[in-house]
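Starting from the known structure of chain A, fit chain B onto it as the hints suggest.
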Amino acid sequence: MKNVKRFAALGMTAAMAVTALAGCGSSSSSASGTTTTGAGTTTTKAAASTTTKAASGSSGSSTGKVYYLNFKPEQADQWVALAKKYTEETGVQVNVQTAASGTYEQTLKSEMAKSEAPTLFQVNGPVGLANWKDYCLDLKDTDIYKDLQSDDYALKDSDGSIKGIAYVIETYGIIYNKSLLNKYCQMDGAKIKDASEITSFDKLKEVADDIQAKKDELGVEGAFTSAGFDSSSDWRFKTHLANLPIYYEYKAENETSTDAIKGTYLDNFKKVFDMYITDSTCEPTLLSGKTGDDASSEFALGEAVFYQNGTWAYNDIKGNEVDDDDLGMLPIFFGVDDANQGLCTGSENYWCINSKASEDDIKATKDFLKWVVESDEGRKSLSTDMGFVTPFKTFSDYLPANPLVKAANEYNKTKTPVSWNFTTMPSEQWKNDLGSAMLEYAQGTGSWDAVKTAFVDGWATEYKNAHS
Amino acid sequence: MEKAIKRYLPIFVLPTLIAFTVGFIAPFIVGIYLSFCKFTTITDAQVIGFSNYAKVFQDDTFVHSLWYTTLFTIVTMVLINFLAFVVALALTKKIKGTYLFRTIFFMPNLIGGIVLGYIWSLLLNGILAYWSKTLTYNSTYGFWGMVILLLWQQIGYMMIIYIAGIQNIPGELIEAAKIDGATKWQQLRYVTLPMLRSSITVCTFLTLTNGFKMFDQNLALTNGEPSEKSELLAMNIYTTFYGRPGWEGVGQAKAVIFFLIVGAVALTQNYLSRRKEVQQ
Numbered sequence: 001m002k003n004v005k006r007f008a009a010l011g012m013t014a015a016m017a018v019t020a021l022a023g024c025g026s027s028s029s030s031a032s033g034t035t036t037t038g039a040g041t042t043t044t045k046a047a048a049s050t051t052t053k054a055a056s057g058s059s060g061s062s063t064g065k066v067y068y069l070n071f072k073p074e075q076a077d078q079w080v081a082l083a084k085k086y087t088e089e090t091g092v093q094v095n096v097q098t099a100a101s102g103t104y105e106q107t108l109k110s111e112m113a114k115s116e117a118p119t120l121f122q123v124n125g126p127v128g129l130a131n132w133k134d135y136c137l138d139l140k141d142t143d144i145y146k147d148l149q150s151d152d153y154a155l156k157d158s159d160g161s162i163k164g165i166a167y168v169i170e171t172y173g174i175i176y177n178k179s180l181l182n183k184y185c186q187m188d189g190a191k192i193k194d195a196s197e198i199t200s201f202d203k204l205k206e207v208a209d210d211i212q213a214k215k216d217e218l219g220v221e222g223a224f225t226s227a228g229f230d231s232s233s234d235w236r237f238k239t240h241l242a243n244l245p246i247y248y249e250y251k252a253e254n255e256t257s258t259d260a261i262k263g264t265y266l267d268n269f270k271k272v273f274d275m276y277i278t279d280s281t282c283e284p285t286l287l288s289g290k291t292g293d294d295a296s297s298e299f300a301l302g303e304a305v306f307y308q309n310g311t312w313a314y315n316d317i318k319g320n321e322v323d324d325d326d327l328g329m330l331p332i333f334f335g336v337d338d339a340n341q342g343l344c345t346g347s348e349n350y351w352c353i354n355s356k357a358s359e360d361d362i363k364a365t366k367d368f369l370k371w372v373v374e375s376d377e378g379r380k381s382l383s384t385d386m387g388f389v390t391p392f393k394t395f396s397d398y399l400p401a402n403p404l405v406k407a408a409n410e411y412n413k414t415k416t417p418v419s420w421n422f423t424t425m426p427s428e429q430w431k432n433d434l435g436s437a438m439l440e441y442a443q444g445t446g447s448w449d450a451v452k453t454a455f456v457d458g459w460a461t462e463y464k465n466a467h468s
Numbered sequence: 001m002e003k004a005i006k007r008y009l010p011i012f013v014l015p016t017l018i019a020f021t022v023g024f025i026a027p028f029i030v031g032i033y034l035s036f037c038k039f040t041t042i043t044d045a046q047v048i049g050f051s052n053y054a055k056v057f058q059d060d061t062f063v064h065s066l067w068y069t070t071l072f073t074i075v076t077m078v079l080i081n082f083l084a085f086v087v088a089l090a091l092t093k094k095i096k097g098t099y100l101f102r103t104i105f106f107m108p109n110l111i112g113g114i115v116l117g118y119i120w121s122l123l124l125n126g127i128l129a130y131w132s133k134t135l136t137y138n139s140t141y142g143f144w145g146m147v148i149l150l151l152w153q154q155i156g157y158m159m160i161i162y163i164a165g166i167q168n169i170p171g172e173l174i175e176a177a178k179i180d181g182a183t184k185w186q187q188l189r190y191v192t193l194p195m196l197r198s199s200i201t202v203c204t205f206l207t208l209t210n211g212f213k214m215f216d217q218n219l220a221l222t223n224g225e226p227s228e229k230s231e232l233l234a235m236n237i238y239t240t241f242y243g244r245p246g247w248e249g250v251g252q253a254k255a256v257i258f259f260l261i262v263g264a265v266a267l268t269q270n271y272l273s274r275r276k277e278v279q280q
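Protein chains in written order, with my numbering: chain A, 1 to 468; chain B, 1 to 280.
Bound-form chain A, shown alone:
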């Protein structure tokens, strides 16, 4: 019996310790910074500036350090290479860290609390800015601001100060497989004879329905790739697709943001979403587990003809069944103004400089950014290696080789691009609630009314939450 007792006591103690620790799990991880920051900042800064000075031995201008917390894991290696080149050229230390996919906010949160906080970071638009504006320097006098093609690409605070600068413009719509669509056009009883005949939602739906009906003949699994609602894919619908009803409502109401959305165009939203889930490669009941990779591989392997995503998807598609020449892009036809509607073009990647960094570091960061958008190396890296379309004037000779970008530009030439209004969505929570309502509707476990509620009522609640 003694043994049991001893064992029991041991187990109990261990369990107690674990319980107690887990009870404040989040606090213990975040608390580490408090004690060190106050004293740490000044000393490390001083030490850093002396070392860089010694290393470069050149003019006093390059005494600061740059720490860039990068948002895009797809381009992590290219950023590190570019930073290394800059250090070789100028002797200024540039540290690039990339947050793992989907963890940017939490990485930023913990990095910002450290004594060596990022000097350069990103926010994703007005909503992200609201959380970080105390840390954003006014970029009015910077070179990168002056290099912008238009003021639209600057992120402004309510007092008009420039808090962020967009550095990449992206476009999304419906990516399609030209060779599969051509194959369909040649089939007997095809609804269209050429891809260019798809100019409206009704036509697109007709074609999609027909492809879905003849999928075995055509050798595909479905017209559209799976509309997965795993967190790696659900943003394509709860954010990107949901942009369209917002865009048209803003346009009709002549506003750029609102505290209460009406949901005037939700019926169009429903029609498009219905098409996605019925003319699809999988049963709607499987959607909750489908990932972004599932959808991109279905498209890349030629199992589906249409795929709603953006120019950034090229890296995931290339090198598979679909040739670069076979990649085309169509707008997400919405049945409102199909004749003029272009693809959705905008940015949700804004550079911000940490206003709480030291003078030297801020200066070093500004110099680095100037170099990135003005020097040959910087421009080449951004456009060719990273494949970005940028909003800077300096890039007129540097266009990326991404075929999706070309297709998108081609289409948008004669149309009105749809702007990215999802940056004004009241909160992440709103998107999540909308996404879950959409999923439940798709699975058949919820009604469309719940989607409407999440969209309209949820907006008002979340807007109030975020602005109280």
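Derived from the structure by calculation, the hints contain no laboratory data.
Certain hints may be false.
Reference excerpt, derived from the structure (chain A facing chain B, CB under 10 Å, subset only) [what the hints assert, rightly or not]: (1) Thr103; (2) Glu111; (3) Glu116; (4) Ala117; (5) Asn131; (6) Ser288; (7) Val336; (8) Ala437; (9) Thr445.
Below, simulated DSS-like cross-link-like pairs (lysine-lysine); rule was C-alpha separation at most 27 Å, straight line [unchecked claim]: (10) Lys38/B <-> Lys156/A; (11) Lys214/A <-> Lys93/B; (12) Lys133/B <-> Lys464/A; (13) Lys133/B <-> Lys271/A; (14) Lys452/A <-> Lys229/B; (15) Lys452/A <-> Lys55/B; (16) Lys133/A <-> Lys55/B.
Virtual Cβ for every residue (Gly too), placed ideally from N, Cα, C.
Chain B only, in chain A's frame:
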């Protein structure tokens, strides 16, 4: 002798005390302080009073995950203890290869929660695909998925504790019961079970707290999908803190409440089952 111990007290106590303070007490106090603050990073916290705590109970996901976790804990606690006890009984009978079986039953416990979660999500989704469903179809599927996972992981561990308990029961007690004409069932009910009280205390305690605190299995198996409906408390705190800008303080307040709940439940359970233990 007394004096010597007193003189060397700092040497023996201080290292642990410092580690305990740095690693536990300090973060814990900062954590409680932060639950009364509004902050983005913990260095710019501003005290705002109790409004974080008010928000906690207005948050539907928290209330949902509180019930969900409670139910989950009760179900897993009962099932794990029952099954572990049955397995322990079977493996203390003199059957061939009982040591091998004990090892095999214990092994799942050696695999980390994240890996287990992925393995089981593959397995269960593979089976559910037969009916065109997935684990994240709704929260009920996720619930039973997590129950199965936790059973598989914990039964072996609890079994070892029960086996140790059963082997410690003096043979003469069983023998005396036999001579008095007790049936197998009566031996189990009136000798084995009362003698196992202390093992039962440990096992219920462990399963109870494990159920409440479960995080990695939850993350890997369902990740709270669909839409935070299959989120247990620990994960709900995590997503509030990191996933919702402006709600960091609320996440912290949830963590404090969580601590109180787990503490209260564990102490109550301990008190109740301790009372019934048999002293030899």
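We went through each hint and held it up to the structure:
no. : hint                  : verdict
1   : Thr103                : holds, 8 Å
2   : Glu111                : holds, 9 Å
3   : Glu116                : violated, 13 Å
4   : Ala117                : holds, 8 Å
5   : Asn131                : holds, 4 Å
6   : Ser288                : holds, 4 Å
7   : Val336                : violated, 28 Å
8   : Ala437                : holds, 8 Å
9   : Thr445                : holds, 6 Å
10  : Lys38/B <-> Lys156/A  : holds, 24 Å
11  : Lys214/A <-> Lys93/B  : violated, 63 Å
12  : Lys133/B <-> Lys464/A : violated, 37 Å
13  : Lys133/B <-> Lys271/A : holds, 24 Å
14  : Lys452/A <-> Lys229/B : holds, 19 Å
15  : Lys452/A <-> Lys55/B  : holds, 25 Å
16  : Lys133/A <-> Lys55/B  : holds, 23 Å
Hints 3, 7, 11, 12 from the earlier list are contradicted by this structure; the remaining hints agree with it.
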